[in-house]
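The lines below spell out each chain.
Number of protein chains: 2
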Amino acid sequence: MERYEIRLSGSGGQGIITAAIILAEAAGIYDGKFVCQTQSYGPEARGGASKAEVVISDVEIDYPKAVKPDLLLAMNQKACDTYLFDMKPTGVLIVDSTLVKQLPTTRAVSLPFTRIARETFGKEFVANIIALAALVALTGVVSPSSLEAAVLARVPPGTEDMNRKALEAGIDAARQHLAQPTDTMIDADSLDE
Amino acid sequence: MERYEIRLSGSGGQGIITAAIILAEAAGIYDGKFVCQTQSYGPEARGGASKAEVVISDVEIDYPKAVKPDLLLAMNQKACDTYLFDMKPTGVLIVDSTLVKQLPTTRAVSLPFTRIARETFGKEFVANIIALAALVALTGVVSPSSLEAAVLARVPPGTEDMNRKALEAGIDAARQHLAQPTDTMIDADSLDE
Numbered sequence: 001m002e003r004y005e006i007r008l009s010g011s012g013g014q015g016i017i018t019a020a021i022i023l024a025e026a027a028g029i030y031d032g033k034f035v036c037q038t039q040s041y042g043p044e045a046r047g048g049a050s051k052a053e054v055v056i057s058d059v060e061i062d063y064p065k066a067v068k069p070d071l072l073l074a075m076n077q078k079a080c081d082t083y084l085f086d087m088k089p090t091g092v093l094i095v096d097s098t099l100v101k102q103l104p105t106t107r108a109v110s111l112p113f114t115r116i117a118r119e120t121f122g123k124e125f126v127a128n129i130i131a132l133a134a135l136v137a138l139t140g141v142v143s144p145s146s147l148e149a150a151v152l153a154r155v156p157p158g159t160e161d162m163n164r165k166a167l168e169a170g171i172d173a174a175r176q177h178l179a180q181p182t183d184t185m186i187d188a189d190s191l192d193e
Numbered sequence: 001m002e003r004y005e006i007r008l009s010g011s012g013g014q015g016i017i018t019a020a021i022i023l024a025e026a027a028g029i030y031d032g033k034f035v036c037q038t039q040s041y042g043p044e045a046r047g048g049a050s051k052a053e054v055v056i057s058d059v060e061i062d063y064p065k066a067v068k069p070d071l072l073l074a075m076n077q078k079a080c081d082t083y084l085f086d087m088k089p090t091g092v093l094i095v096d097s098t099l100v101k102q103l104p105t106t107r108a109v110s111l112p113f114t115r116i117a118r119e120t121f122g123k124e125f126v127a128n129i130i131a132l133a134a135l136v137a138l139t140g141v142v143s144p145s146s147l148e149a150a151v152l153a154r155v156p157p158g159t160e161d162m163n164r165k166a167l168e169a170g171i172d173a174a175r176q177h178l179a180q181p182t183d184t185m186i187d188a189d190s191l192d193e
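Chains V and U supply the protein sequences, listed in that same order. Using my numbering, you'd call the opening residue of the first sequence number 1 and step up by one each time. Using my numbering, you'd call the opening residue of the second sequence number 1 and step up by one each time.
Don't read these hints as lab results, they were simulated from the structure. Fair warning: this is a prediction, and the values are worked out from it, not measured in the lab. Careful: at least some of the hints might be erroneous.
Away from chain U, derived, C-beta distances all over 10 Å, residues of chain V [to be verified]:
(1) Glu25
(2) Glu60
(3) Pro64
(4) Pro112
(5) Thr139
(6) Gln176
Pairwise CB distance ranges, derived in the manner of DEER restraints [stated by the list, open to error]:
(7) U:Glu160 - V:Thr82: 25 to 35 Å
(8) U:Arg3 - V:Gln176: 26 to 36 Å
(9) U:Gln102 - V:Thr90: 17 to 27 Å
(10) U:Arg115 - V:Leu178: 35 to 45 Å
(11) U:Phe85 - V:Pro157: 35 to 45 Å
(12) V:Gly32 - U:Asp58: 32 to 42 Å
(13) V:Lys101 - U:Glu44: 40 to 50 Å
(14) U:Lys123 - V:Lys101: 21 to 31 Å
(15) V:Tyr63 - U:Pro104: 28 to 38 Å
(16) V:Asp161 - U:Arg175: 48 to 58 Å
(17) U:Gly158 - V:Lys101: 54 to 64 Å
(18) U:Thr106 - V:Lys88: 20 to 30 Å
From the three backbone atoms N, C-alpha and C, an ideal C-beta is built for every residue, glycine too.
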């Protein structure tokens with residue numbers, strides 16, 4: 001893996017930065033890769049779509065921010081609309097279908113992270129962990145065991161069990177996506193045409 | 001403020017990344033500056049000194065990482081030893097005297113953040129918030145009200161009161177430092193000689 005750029009995006013309360021830190025720690029501390037994790041704030045930072053980025057590499061990283069993301073997670077419509085066009089043409093787009101109703105492309109992976117969080121756990125704020133688990137199951141960008149270790153090291157004490165179940169729920173959602181007819185699956189190869 | 005670089009450093013469990021995010025949100029969301037917040041992990045990430053950086057500017061930021069920190073917070077000895085030599089010659093060094101016993105320079109600001117956390121709150125993990133409050137009181141890098149708003153927006157629900165008191169404890173510690181004889185005070189002007 002020479003350089004793999006991930007952008008996680010959504011609104012302020014959706015745990016985007018926490019998700020990025022967990023992913024960075026899974027890759028850097030547990031998988032032993034080089035990682036840079038960043039977030040930027042400009043004068044427009046109040047409200048709107050926020051993003052947090054993770055760059056993972058087998059070699060030292062020169063520029064720490066995402067330039068053309070290989071993977072975009074959009075947790076709401078505004079984030080999807082704002083950040084889609086930066087993506088690499090062959091990039092993977094994963095959206096929270098609870099909050100992204102207008103899909104910009106048929107090859108988006110659309111999974112109801114927030115609805116699962118609400119219905120299974122009664123807590124929408126675990127949607128970020130469910131999304132992380134699905135993202136890792138679909139892309140293999142870090143190992144599942146590294147993700148679990150990083151999640152459990154970073155979440156508040158006493159919430160480990162819920163977060164472990166959130167990880168399972170995300171993996172299940174990813175499996176259900178993969179079991180769908182192929183025209184809705186990620187098919188990066190077909191994009192090289 | 002053209003470009004001001006801050007590096008927060010310590011060991012994994014000391015809340016360095018959380019502190020950096022809070023500081024970045026205080027500057028970016030509440031003070032309306034341009035901010036980049038980063039952390040990097042290399043293959044050596046397991047154990048040792050970790051760091052998180054915040055670059056604050058009135059103009060857009062080109063390179064998001066600290067090159068020559070204007071301000072270094074070292075929460076343990078290893079972090080102090082590791083990162084001191086990157087600092088700008090006129091930079092401000094703030095250390096946690098509970099865990100940094102060997103001061104590299106007499107102009108370090110040495111305050112017992114971890115001891116205050118333990119003795120006042122019975123919880124060492126609030127040392128990062130105490131340190132942030134002292135750092136802001138000593139340098140004015142963000143406004144105190146922005147710091148408080150950012151802390152309260154980021155800490156777990158139910159801990160707001162404790163964190164508000166931790167902020168006060170940090171400001172008190174900074175005031176006591178400023179009341180000491182001048183030869184232990186920050187005196188950046190004398191460094192230009």
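Status of the hints after comparison with the structure:
The claim that glutamate 25 of chain V is not at the interface with chain U is violated, since a C-beta of that chain comes within 10 Å of its own (minimum 7 Å). Under the 10 Å C-beta cut-off, the non-interface status given to glutamate 60 of chain V relative to chain U is violated; the minimum distance is some 8 Å. Separation of proline 64 of chain V from chain U is inadequate, the least Cβ-Cβ distance of about 6 Å not exceeding the 10 Å criterion. Once the 10 Å rule is applied to beta carbons, proline 112 of chain V is consistent with being away from chain U; the minimum gap is 25 Å.
Against the 10 Å criterion, threonine 139 of chain V stays outside the reach of chain U, whose nearest CB is about 19 Å from its own CB. Distance check on glutamine 176 of chain V: its Cβ is at least 32 Å (rounded) from any Cβ of chain U, clearing the 10 Å threshold; non-interface status holds. Checking the proposed 25 to 35 Å range against glutamate 160 of chain U and threonine 82 of chain V shows it holds: the Cβ atoms sit about 31 Å from each other. Arginine 3 of chain U and glutamine 176 of chain V have their C-beta atoms about 48 Å apart, which leaves the hinted 26 to 36 Å range violated.
At roughly 52 Å, the beta carbons of glutamine 102 of chain U and threonine 90 of chain V sit outside the given window of 17 to 27 Å. Against the hinted window of 35 to 45 Å, the Cβ-Cβ separation of arginine 115 of chain U and leucine 178 of chain V comes to about 53 Å, which falls outside the hint. A beta carbon spacing of about 36 Å between phenylalanine 85 of chain U and proline 157 of chain V agrees with the range 35 to 45 Å that was offered as a hint. For the pair glycine 32 of chain V and aspartate 58 of chain U, the supplied restraint of 32 to 42 Å holds, since their beta-carbon distance comes to about 39 Å.
At about 45 Å, the CB distance of lysine 101 of chain V to glutamate 44 of chain U agrees with the hint of 40 to 50 Å. Against the hinted window of 21 to 31 Å, the Cβ-Cβ separation of lysine 123 of chain U and lysine 101 of chain V comes to about 43 Å, which falls outside the hint. The beta-carbon spacing between tyrosine 63 of chain V and proline 104 of chain U, approximately 31 Å, falls within the hinted interval of 28 to 38 Å. Distance hint check: the CB atoms of aspartate 161 of chain V and arginine 175 of chain U are about 43 Å apart, inconsistent with the given range 48 to 58 Å.
Our hint of 54 to 64 Å for glycine 158 of chain U and lysine 101 of chain V is violated, since their Cβ atoms are close to 34 Å apart. The hinted range of 20 to 30 Å is not satisfied by threonine 106 of chain U and lysine 88 of chain V, whose Cβ atoms lie roughly 52 Å apart.
Of the numbered hints listed earlier, those contradicted by the structure are 1, 2, 3, 8, 9, 10, 14, 16, 17 and 18.
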